[in-house]
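Add chain Y to chain L, keeping to what the hints say.
Which chain is which? The protein sequence lines are L and Y, in order.
FYI, our numbering numbers position 241 of the first sequence as 254, with every residue one higher than the one before it.
FYI, our numbering numbers position 17 of the second sequence as 30, with every residue one higher than the one before it.
Treat the hints with caution; some may be incorrect.
Same chains, same label: a pair holds when it works inside one copy or across any pair of copies.
Here are the simulated lysine to any residue pairs, SDA-like style, with alpha carbons at most 20 angstroms apart [stated by the list, open to error]:
hint, residue 1, residue 2
1, Lys-91, Arg-111
2, Lys-108, Pro-257
3, Lys-108, Arg-256
4, Lys-91, His-120
5, Lys-108, Phe-263
6, Lys-104, Gly-241
7, Lys-91, Tyr-198
8, Lys-108, His-83
9, Lys-91, Val-113
10, Lys-91, Val-76
11, Lys-91, Glu-102
12, Lys-104, Asp-261
Hints are computed from structural coordinates only; laboratory data are not their basis.
Model, not experiment: these values are computed from the prediction.
Number of protein chains: 2
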Amino acid sequence: MRSAISIIPVHGIGEIPLGADLGALILEALVANQITLQPHDIVVITQKIVSKAEGRIIDPRDVEPSHMAHMAAAQGHKDANYYEVVLRESKRIIKMDRGVLICETHHGFICANAGVDESNVDGGRHITLLPIDSDASSRTIRDTLSAATNLPIAVIISDTFGRAWREGQVNIAIGVAGIDPIESYAGVDDPYGYHMQASILAIGDEIAAAAELVMGKIDRIPVAIVRGMHYRAVEASAQTLIRPANRDLFR
Amino acid sequence: MRSAISIIPVHGIGEIPLGADLGALILEALVANQITLQPHDIVVITQKIVSKAEGRIIDPRDVEPSHMAHMAAAQGHKDANYYEVVLRESKRIIKMDRGVLICETHHGFICANAGVDESNVDGGRHITLLPIDSDASSRTIRDTLSAATNLPIAVIISDTFGRAWREGQVNIAIGVAGIDPIESYAGVDDPYGYHMQASILAIGDEIAAAAELVMGKIDRIPVAIVRGMHYRAVEASAQTLIRPANRDLFR
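Isolated chain L, as found in the complex (with noise of 0.2 angstroms):
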């Protein structure tokens, strides 16, 4: 039997200092908003904040922009210097067309710019990288929140992708911990005997982009919990939820 689910936005979480203890930052808000933990509670947390707190942030006028770099800012809407950080922080370029690359980053997640981001950082003076390894980032909060409130917690990192395809973003899973990202049917008959084969559920991207709906763009509200979801509490990776390249038929 499914039960109703809460999404719950955490306010108050001021600016992100280099070094932060976000664990600790989102304990404090939890408390400002009388929000307490439940067990299985499924922490979601931007990408921008594990940024800034991780010292992943760039002042792009630091690096020298290479031939490609010159190459995309003359046909996008960014500078070279811009696009020299998004070729640092990627290893292929997908596709580059009117300025926009599509990279496949180090971590192996495919997105525009390689996600790096300019928004919500200080006005365009700097910009962020994707955390280097937002499982583990995942795991050090929600190891912190465990601690201190003796539960089973997952933590979620979620940044905003676009698609192929469709208009607009979508917030999806970058790291997790505590959650199997991945819910899978294959193998499984529905309730009306059909043997499924291809239903295999993305729950972490679904449960990334619910978190979003109270988060918004311009509210300052990095971090929301989701609460009475039932989900499998192992340990994974958000590396799950990133189709091998031998079954990808768009790379």
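Same frame as chain L, now just chain Y:
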């Protein structure tokens, strides 16, 4: 100030006969679930029951496979009749490999096998096609719900789509009524004064994804209520979630 959102499963919606009045059935189920609709509730409905009510269901043995359907069957896991139905639901094949067809449907959706689906029908004997006009279907159901309650209500019809580059499927919106599925921040300054250009959220897809978290694939929960969300309550179309071909790098 953003507040919490609830995602509430609607249990007890049984088998949907051809010609069923889905709005009326949902109202009945809400009573049985002791759920009272509130202003601006978003009622998310899976494509499967809309297709059943509208007779968008077919016995694949009734179609004569073409040459290309036989070719697909020779490379894939389904039979030629299935692929013929897929081809007839398509106006273009974006990619075809290893028996997977990524199709552009007559509506413009780009998805695997043109949205033709065997699960949760009748054990594989019949298969469902996408509704002819899911926006119109959404409006019809919304009108019934709004008339019965005298409240502003939004409706989203959802389906489960795969994505390029990422494992697993997520729910997206194929039809909407009473809600703008796009939340654009283009031209808006973030709290740090950065002028956002590309921040356009596909909240219609994110709401559909959130709803699936209480639906699953085997629990016979084809309807969920998303409550407490702020959105632009206007007439709109899920077609705005389809990226125009001239701005799409992956067609």
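For each hint, the structure was consulted:
Within a single copy, Lys-91 and Arg-111 get their C-alpha atoms as close as 11 angstroms, which meets the 20 angstroms cut-off; across copies the closest is 39 angstroms, which misses it. In this assembly of identical chains, Lys-108 and Pro-257 lie within 20 angstroms of each other by CA distance both inside one copy and across copies; the values are 18 angstroms within and 17 angstroms between. In this assembly of identical chains, the alpha carbons of Lys-108 and Arg-256 lie at most 20 angstroms apart whether taken from the same copy (17 angstroms) or from different copies (16 angstroms). In this assembly of identical chains, the alpha carbons of Lys-91 and His-120 never lie at most 20 angstroms apart, being 24 angstroms within a copy and 34 angstroms across copies at closest.
In this assembly of identical chains, the alpha carbons of Lys-108 and Phe-263 lie at most 20 angstroms apart whether taken from the same copy (10 angstroms) or from different copies (9 angstroms). Taking the shortest Cα distances, Lys-104 and Gly-241 never come within 20 angstroms of each other, neither inside one copy (39 angstroms) nor across copies (42 angstroms). For the identical chains of this complex, Lys-91 and Tyr-198 are inter-copy neighbours only, at 18 angstroms across copies versus 43 angstroms inside a copy, given an alpha-carbon limit of 20 angstroms. Taking CA atoms no more than 20 angstroms apart as the test, Lys-108 paired with His-83 passes inside one copy only; the shortest distance there is 17 angstroms, against 32 angstroms between copies.
Taking the shortest Cα distances, Lys-91 and Val-113 sit within 20 angstroms of each other inside one copy (10 angstroms), while across copies they are farther apart (37 angstroms). For a Cα distance limit of 20 angstroms, the shortest separation of Lys-91 from Val-76 inside one copy, 14 angstroms, qualifies, whereas the shortest one across copies, 52 angstroms, does not. In this homomeric assembly, Lys-91 and Glu-102 come within 20 angstroms of each other (Cα to Cα) only inside a single copy, at 16 angstroms, whereas the closest approach across copies is 40 angstroms. For a Cα distance limit of 20 angstroms, the shortest separation of Lys-104 from Asp-261 inside one copy, 17 angstroms, qualifies, whereas the shortest one across copies, 23 angstroms, does not.
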